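**Q** As a plain string of letters, each chain reads:
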Amino acid sequence: MKKTVLFVLACLCLAATQALARDFVLTDTTGNVSIPEWTVSAKSLGFTDGPAFSVTKTTLHGGKQEGSTRITIVTPELEVSLIPTRGMDIYEIKSGGIRFGWKSPVDEIVNPAFMNLEMRGGLGWLDGFNEMMVRCGYEWTGHPGQEQGRLMSLHGRAGNTPASKVVVAIDDKAPHAIHVKGLIKENTFKFAALETWTELTVTPGVKCVKIHDVLTNNSDYDRDYQIIYHSNFGVPILEAGAKVLIPVQEISPFNDYAKKGLADWQTYLGPTKGYDEMVFNIRAYAGKDGWTPVVLRNKAGDHGIAVRYDAAELPVLTLWKNTDTLRQGYVTGIEPGTSYAYPRQIERKQGRVKSLAPGASQAFDVEYWPLTTGDEVAGFAKRVEAVAAGRTPKVVAVPMAKE
Amino acid sequence: MKKTVLFVLACLCLAATQALARDFVLTDTTGNVSIPEWTVSAKSLGFTDGPAFSVTKTTLHGGKQEGSTRITIVTPELEVSLIPTRGMDIYEIKSGGIRFGWKSPVDEIVNPAFMNLEMRGGLGWLDGFNEMMVRCGYEWTGHPGQEQGRLMSLHGRAGNTPASKVVVAIDDKAPHAIHVKGLIKENTFKFAALETWTELTVTPGVKCVKIHDVLTNNSDYDRDYQIIYHSNFGVPILEAGAKVLIPVQEISPFNDYAKKGLADWQTYLGPTKGYDEMVFNIRAYAGKDGWTPVVLRNKAGDHGIAVRYDAAELPVLTLWKNTDTLRQGYVTGIEPGTSYAYPRQIERKQGRVKSLAPGASQAFDVEYWPLTTGDEVAGFAKRVEAVAAGRTPKVVAVPMAKE
Amino acid sequence: MKKTVLFVLACLCLAATQALARDFVLTDTTGNVSIPEWTVSAKSLGFTDGPAFSVTKTTLHGGKQEGSTRITIVTPELEVSLIPTRGMDIYEIKSGGIRFGWKSPVDEIVNPAFMNLEMRGGLGWLDGFNEMMVRCGYEWTGHPGQEQGRLMSLHGRAGNTPASKVVVAIDDKAPHAIHVKGLIKENTFKFAALETWTELTVTPGVKCVKIHDVLTNNSDYDRDYQIIYHSNFGVPILEAGAKVLIPVQEISPFNDYAKKGLADWQTYLGPTKGYDEMVFNIRAYAGKDGWTPVVLRNKAGDHGIAVRYDAAELPVLTLWKNTDTLRQGYVTGIEPGTSYAYPRQIERKQGRVKSLAPGASQAFDVEYWPLTTGDEVAGFAKRVEAVAAGRTPKVVAVPMAKE
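Residue numbers (the numbering used here), protein chains in the order written: chain A, 104 to 506; chain B, 104 to 506; chain C, 104 to 506.
Just so you know, these hints were derived from the structure itself, not from any lab.
Be a bit skeptical, because a hint or two may be false.
Copies of the same chain look alike in the list, so a pair counts if it fits in one copy or across any two.
Below, a list of computed lysine-lysine pairs in the DSS-like style, where the Cα atoms sit at most 30 Å apart [stated by the list, open to error]: (1) Lys497 x Lys363; (2) Lys457 x Lys376; (3) Lys284 x Lys206; (4) Lys346 x Lys391; (5) Lys452 x Lys293.
Keep in mind that this is a model prediction, so the values were computed, not measured.
Could you put together the complete structure from these sequences and hints?
**A** Right, dumping it as structure tokens:
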């Protein structure tokens, strides 16, 4: 029964995008539009045929968040915050009294004007990293690398690119799905003309946050791209005994250090001093719909998060277990992508760097389903099991590459 | 006859600078002045003795152009946009329905706060490059180089320096020439105290945009400087069969790749996939007035642009032919300078790095004459011929340096 | 007699911090507070039981100071300017018609958004350096160095970090001491969770600017820190024949170039072309109160500045003599710190890199006493003598490290 409900809701979630909508342009470089403070609600729009909701944009001030912007969507089920000035990243989701996201030592929403991605040998990205979901791409991703004498800094630039256009579109028809669209440009003369229309959809009445991004190569040349949807969760889901459910086809350790965690990849330690991070490279099965479901749940199994992604678009999955101390950043990453986290030169050698033809586009679809009851967790867990279908994961003991 | 007219106009263009003017201070770090939106017109000033004009300042928003500013001058003949926050660069000129400038994959006017000039091994400048004219200097210019273990990023910093003072001065007397002056500071403790007062003059009734910059070395030491006035034009002037007219004294290819284009240096291909760029180093003759005229014209010769520069101030000329595809950036550069585009260490070895004594100043003068009729093109073409005076260019087949 | 007065005043200066105060929150990233223009005065607060004072915050515009902020405190004795957007650095102090600070070729208060600390091989900091006091730390300090393949740029990042919280607290009780507090965060995932509450106190009626900073390691790991309070003075104190009085225990040249200046370390040349800088490493005695007093005075000894610091917190002192030409930056630095100015890897090898345990804090206390009469200079000079107590400094002729 529950599965059916979820399926119906998922369909709603998809269908809503197509409905007629009224558009609110909050940022537009072409028309020189930028609205610093803005709000709209079901009430202000005169909607009486569905649940209450609101969408609010705020400009942030002080420290390194001076000039950052934040959009918050509130529905009866969800509160979702995203950051137009940081690649439309999702800062956090709240649902049923639970916060989905994590606590980084970086506690401000850093304006990219204050970032230097190339510092610390290409680790500058860590100065701003605190989001529930960061787009790591699209020109490159992964650990810092060098190609042709040029540094490719950690996880690319999209997540530190302020959106050129931001549009909130709200469906005219109930249930009045809310779409927040943002245009992220990675344009460099001679190097890149990659533009991504990101879209985040929340439908009042549905406990789902849906991402539908379309990357387009606007150049006249084939262009490489890489993307990792770096999706991160800490307490309260993450705890000693928390578990991640993945329909694994094949799993291997990212590096030698992760070898010793391979047997226990599915369970989590509590905050552990000196743990740092263990990373696993995973190929997962997809269901008949082509989507791979993943569930991260707390020990008791009474809350968690489901991450679903289109496995044709995002063929590999990085599992990042950073169960170090709370103040160090106790967090795990469920990271569907086209690449693992190796530097681009390694990903290229191993054949995972994708290419887009001139004018071609590629969509990426990911969904986040906050699970706030034991039933919801169990329901999604069954979907993972159904996709795994009892098949035994292939466990490869040796890392596929030296970092 | 036409030559006479042009000559008279040129004189007017020069003389106007000296007239009494009313000054509008739009930016002044000393007085803490910054006016985000501003406009003035012949009408608002009560001028009835000359053509209509307006000058408008706008602050730009969204994406990486958040906080950029733009000043637009409109006269009966011209619309000129310049960018105070990017070294007072000229973004574009419009005249007679023709746009003079080019279309870069970088389609925003990037605030330098979002630039990292040192990225991609010193090619970060390409993240913002889309102007009709960029000042490439003054501390250094050219391709990225290293001296004493320090990276000198592509084309220096002036073009990514926000102006410290911006003054619009409008002559009291008809024809009410409009001067936009901007102060660009390249000040670094121990390294540089180079300040440049840039001045762009447009005279209502005259189809000329005049640049008169004065670089001053405010330090107590001799200081090196380099400058290239990187002036760039794409469609509609640039097309298959377009031609550039230069009174060449000597021409050589910048590198081995350009060797094969040497014979055809004067004509242009249409947008050509895989062409990338060919660059030629040119020494040109100057007329009796000391100025070198250059004409770039379309195939039919019914429109084009004339670039004139004081050859004593700017002794060398780089011709940059980047006739790659339209979306890659189909563009050619007419680039008078003190240096070619080699890294500074090469320019130094070859004796082209200039020096300014303590307190000394150096002026640079460049003019842009949009040519919107066949007569105008022919008139200026004759001036180029007159300077060349039938002398045969010396063609050197071998690049003067390895890049 | 004079010493007693100064001592009493110093006590007042310390005690004031504890009084009940009214707080004005000017910046707060948590509450999204940022007040661009603000002022308060004894009069506006209804204080009639003490001297007049005012505190004003201004936002700066134009050039690279766009978005910088400045707080100015005015009392009968002092005018103090500090820069919240640049690590709460002190820009200048004025007292008795004398300016305490210096004149750098960098004449704007640069917004860190326009800085690239890693440029010029890690010397980017020089693009913004013009303050009377810059905090050089806390993650690292000193000349650019490399550890584990990562560049540590000149003098760290605190001085180019915009404050996350800024609070002006004014004591309810006369003499209504004014405290400007600012929170500087150096937070990088995996690397640093160092937060510093800076506090600058000025008490109306007292000619003293007191710094009391508390650095806290918010991580769960021991973290290294380094700090240099880079305190800089030029004309009119600095002049030919000016003198610095330090109760030196041991002094050595920073490098080979400084060897030839060792004998004359205590006196200054006038502006001297080609001098560049000589740097001396000093261990100084502290008085019974644990503080080391230093006096810099002009030739006549009728004005100067006293710098006092807690020698247990800041065990070493760098004396930076940069008596080059006026326009090059004629300046001397009195720089108490935990480290000398060698790169971190050298400081580490020599045992001067400090460490903070998880959750631990470390205070740093420095005072600036403008001396505007011969009596004041003489009074403080006696305090230096008293601490030196006639002991002969140990002069070490050889630098302790190769840079």
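**Q** Indicate, hint by hint, whether the structure satisfies it.
**A** So, going through the hints one by one against the coordinates:
Proximity of Lys497 and Lys363 under a CA criterion of 30 Å is satisfied intra-copy only: 17 Å inside one chain copy versus 56 Å between copies. Only between protomers do Lys457 and Lys376 lie at most 30 Å apart by alpha-carbon distance; the minimum there is 21 Å, versus 38 Å within a single protomer. Taking the shortest alpha-carbon separations for Lys284 and Lys206, both the intra-copy value of 26 Å and the inter-copy value of 26 Å come in at or below 30 Å. When the C-alpha separation of Lys346 and Lys391 is checked against a cutoff of 30 Å, the pair qualifies only within one copy, where the shortest distance is 24 Å, while the shortest distance between copies is 60 Å.
When the C-alpha separation of Lys452 and Lys293 is checked against a cutoff of 30 Å, the pair qualifies both within a copy, at 23 Å, and between copies, at 29 Å.
The structure agrees with every numbered hint stated previously.
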